[in-house]
Amino acid sequence: MAEEERMAGSMLSIGECMVELMQVEGGMLRKGYAGDTFNTAYYARLFAPAGWTVEYLTAVGTDVVSDEMLSFIEGTGVGTAHIARIEGRMPGLYMIHLKEGERSFSYWRSTSAAKLLADDPDRLRTAIGSADVVFFSGITLAILAADAVETLLSELRRAKATGKRVVFDPNIRPRLWDDVARMRATIEAGARAATLLLPSFDDEATHFGDASVGSTIERYHALGVADIAVKDGANGVTLQFGGEERLHIPAAPVARIVDTTSAGDSFNGSFLARLAAGDSPAEAAAFAAHVAAAVIGHHGALVEREKLPGGPDRE
1 MAEEERMAGS
11 MLSIGECMVE
21 LMQVEGGMLR
31 KGYAGDTFNT
41 AYYARLFAPA
51 GWTVEYLTAV
61 GTDVVSDEML
71 SFIEGTGVGT
81 AHIARIEGRM
91 PGLYMIHLKE
101 GERSFSYWRS
111 TSAAKLLADD
121 PDRLRTAIGS
131 ADVVFFSGIT
141 LAILAADAVE
151 TLLSELRRAK
161 ATGKRVVFDP
171 NIRPRLWDDV
181 ARMRATIEAG
191 ARAATLLLPS
201 FDDEATHFGD
211 ASVGSTIERY
221 HALGVADIAV
231 KDGANGVTLQ
241 FGGEERLHIP
251 AAPVARIVDT
261 TSAGDSFNGS
271 FLARLAAGDS
281 PAEAAAFAAH
291 VAAAVIGHHG
301 ALVEREKLPG
311 GPDRE
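Heads up: the sequence shown begins at 1 in full-length UniProt numbering, then just goes up one per residue.
Hint data in this document are derived by calculation from the structure and do not stem from the laboratory. Just so you know, even glycine gets a beta-carbon here, dropped at the ideal spot from N, CA and C. Relax, there's no trap hidden among the hints.
Label-pair distances were calculated between CB atoms; the ranges are:
hint, residue 1, residue 2, range
1, S71, W108, 18 to 24 Å
2, H221, V258, 33 to 39 Å
3, D63, D178, 24 to 30 Å
4, E218, W108, 38 to 44 Å
Using 25 Å as the maximum straight-line C-alpha spacing, the simulated DSS-like pairs for lysine-lysine come out as follows:
hint, residue 1, residue 2
5, K31, K307
6, K160, K115
7, K115, K31
Required output: the full structure, derived from the provided sequences and hints.
Next up, the structure:
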């Protein structure tokens with residue numbers, strides 16, 4: 001069998017891509033496009049093995065800004081076949097505020113088309129059914145109405161039952177939720193639909209009271225998640241895949257911290273790409289840690305490929 005055929009596969013990322021504004025020198029604003037699930041798709045596409053495709057599922061408007069966003073997404077190599085166009089809606093917008101490498105955000109997303117991404121169950125089922133790996137996040141769930149959340153989770157549970165790899169990053173953002181109890185319940189429902197979880201320990205400790213990384217792993221295992229990689233910033237990543245030994249992967253050295261906007265997303269995307277290429281979880285996590293360390297040394301969520309490390313079998 002040819003290498004391309006052996007490695008052929010597809011990943012689908014589901015969520016919201018937004019217009020990104022960031023202040024640069026001279027007080028000017030630089031426009032870009034980003035969002036946790038799109039960032040993940042971008043980095044997965046950069047490092048995907050030969051024969052793999054990465055698609056994005058969201059909804060945008062029919063306006064000029066949406067046209068420009070679609071052109072940008074296509075230019076990165078991420079597929080747009082599953083992006084809906086909705087009359088009267090527009091992409092959301094956010095602004096990044098940076099202080100000593102740490103970021104905060106201001107959002108404008110009340111009329112975001114992405115809030116309607118799960119309104120067509122048939123489109124959702126077709127897209128998820130066509131993928132080998134499906135990725136979504138807590139932000140994906142947070143922007144949807146309750147009935148749309150259930151529509152999406154129902155399809156993800158179906159995908160899990162048929163043997164697909166369903167990947168969930170809880171990426172907890174309290175300001176997107178109107179009720180803490182609902183936030184926790186929905187995050188747990190998302191975890192139950194997943195086969196692989198990529199939580200950040202700071203989020204889990206803050207919002208679920210986990211005392212340790214081990215507590216996070218055990219809590220999500222109890223919800224039926226087989227594979228877990230807990231990201232813990234400078235403390236590295238802890239892996240628990242099925243019944244295998246728990247492993248700790250150290251964080252990669254960081255030359256300088258400029259912008260942590262896409263630290264977790266770049267880890268997610270490159271980690272999933274290397275798993276698709278056949279790396280062990282430990283190998284994939286070590287590679288992804290180096291990618292994330294390089295990404296945070298640059299401005300913006302999406303860093304060009306030439307500024308990032310390769311892998312053990314890459315240039």
